[in-house]
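K.L.:
Residues per chain are reported as follows:
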Amino acid sequence: MEILTYPDQRLKQISETVTEIDKQILAFIHELEQTRQAGPGAVGIAAPQVDVFKQIVIVDVSKMKKPVDNHGHMIMINPEITEWDGMNMGREGCLSVPDFTGNVIRAEKIKVKYTDETGNKHEIESSGFEARAIQHEIDHLDGLLFLDRLVSRRSDLFKRKTYKKQ
Amino acid sequence: MKWSVLTLVGEDKPGIVAAVTQVLFERGCVLAQASMMRLGSNFSIMLRVSHSPDLDLRQVLTEVCKNLNLHLHIDEDASKKTPALDPDVQVTVYGADRSGIVAQVTSVLAQAGLNIIDLETDVGGSNEHPIYIMTMEGVASNGIEPLREAIQTLDTDIEINLDEINTLRG
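Going line by line, the protein sequences match chains A and B. Everything in the first sequence is counted per this note's numbering, starting at 1 for the first residue and increasing by one. Everything in the second sequence is counted per this note's numbering, starting at 1001 for the first residue and increasing by one.
Hints are not guaranteed to be accurate.
[Said to hold, decoys possible] Covered stretches of chain A, as calculated for chain B (at least 3 residues, CB under 8 Å):
1. 10 to 21
2. 95 to 105
3. 131 to 142
[Stated by the list, open to error] A short list of chain A residues far from chain B (calculated; beta carbon distances all over 12 Å):
4. Pro40
5. Arg91
6. Val151
[What the hints assert, rightly or not] Pulled from the structure, derived: some chain A residues nowhere near chain B, Cβ distances all over 12 Å:
7. Gly39
8. Gly41
9. Val57
10. Val59
11. Lys66
12. Met89
13. Glu92
14. Thr115
15. Gly119
16. Asn120
17. His122
18. Phe146
No wet-lab data here; the hints were simulated from the structure. Please read all numbers here as calculations on a predicted model, not as lab measurements. Every residue, glycine too, gets a C-beta built ideally from N, C-alpha and C.
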């Protein structure tokens, strides 16, 4: 599938809750995963990046060159972050923002609830790089890009904070 | 269109960026990367500018440079639109201020394969006990390990932290 790239305003659109995981949704998830794998080293993808405004993201940080804590390959339907803890700064890029990376502050640890593609509900605790990836992808569902959370390359972690755009 | 790199240096005062970029905009220039820094009370900016090949940038900027007392340097931009170079390592260095910190640290790291992309240093602390602080980002062209080994060889009065930058792509 084709990936929307900013300044396409569709990336700012808010995604809807998935009410039923039917064949169509499953077929879409398969295609979304193919698209993620085709992207250069993408550890995640969100449905709105391919012009589908449903609350579906895929995150998989289990194949990093340097291994990080992870929960394997996750298909997250209607994901919701319920707890945040700590913060750290990291560098992010995005399939929807080619040729640019920037520093973003994210929660270090999160609790997230989601439904998988078989309809099972999960609640996991994630930290570090995986937590960052989950937050990055869930932002897409709210019409937010990492560009909305950029901090200066020269700024220290606690000098500034970014807040969600109102 | 032609690409040029402008370097402007002078005493800092409010409004320099606005004044310079307004003149450039009025003459149809398009800005790409820019980096401004204030060092002490000195202003400096480098700008990559694309413009009509007929445009005499020096002439365009003569008045604003005169008014703001800026030195202008113009180079042809050889880089065109190069893909961004992504740093994979961040180094912070600090210690009681003394001469030679930058030279020692950077030469050891350069030998171990570090290509510095961004560097900033400052002096803080009290007047009696100044401390020197340096932060850098770069590409570890031989991987991180040689850099870790290299910093072991440095004088122990300097604290060095080396962190991997693990860029997330999603």
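K.L.:
If a hint holds in the structure, say so; if it doesn't, say that too.
P.N.:
Going through the hints against the structure:
For the segment 10 to 21 of chain A, the assignment as covered by chain B is violated, since 0 residues bring a beta-carbon within under 8 Å of that chain's beta-carbons and 3 are needed. Counting residues of the segment 95 to 105 of chain A whose beta carbon lies closer than 8 Å to any beta carbon of chain B gives 4, which reaches the threshold of three, so the coverage claim holds. Coverage of the segment 131 to 142 of chain A by chain B holds. Counting CB-CB distances below 8 Å, 4 residues qualify, and the rule asks for three or more. A beta-carbon of chain B is positioned within 12 Å of the beta-carbon of A/Pro40; the least distance is around 7 Å.
With a closest Cβ-Cβ approach of about 4 Å to chain B, A/Arg91 is found to fall inside the 12 Å limit, against its non-interface label. Against chain B, the non-interface label of A/Val151 holds: every CB pair exceeds 12 Å, the least being about 14 Å. With a minimum CB-CB distance of about 7 Å to chain B, A/Gly39 fails to clear the 12 Å threshold, and the non-interface call is violated. A beta-carbon of chain B is positioned within 12 Å of the beta-carbon of A/Gly41; the least distance is around 5 Å.
Distance check for A/Val57 against chain B: the nearest CB is about 9 Å away, which does not clear 12 Å, and the non-interface claim fails. For A/Val59, the non-interface assignment is contradicted: its Cβ lies about 8 Å from the closest Cβ of chain B, within the 12 Å cut-off. Separation of A/Lys66 from chain B is inadequate, the least Cβ-Cβ distance of about 7 Å not exceeding the 12 Å criterion. The claim that A/Met89 lies off the interface is violated: its Cβ sits roughly 10 Å from the closest Cβ of chain B, which falls inside the 12 Å cut-off.
Here A/Glu92 does not stay apart from chain B, with its beta-carbon only about 5 Å from theirs, under the 12 Å limit. Its beta-carbon lying about 20 Å from the closest one in chain B, A/Thr115 satisfies the requirement of being farther than 12 Å from that chain. Chain B leaves A/Gly119 outside its interface by the beta-carbon criterion, the shortest separation being 25 Å against a cut-off of 12 Å. Against chain B, the non-interface label of A/Asn120 holds: every CB pair exceeds 12 Å, the least being about 23 Å.
The non-interface label for A/His122 is consistent with chain B: the shortest C-beta to C-beta separation is roughly 19 Å, beyond 12 Å. The claim that A/Phe146 is not at the interface with chain B is violated, since a C-beta of that chain comes within 12 Å of its own (minimum 8 Å).
The earlier numbered hints that this structure contradicts are 1, 4, 5, 7, 8, 9, 10, 11, 12, 13 and 18.
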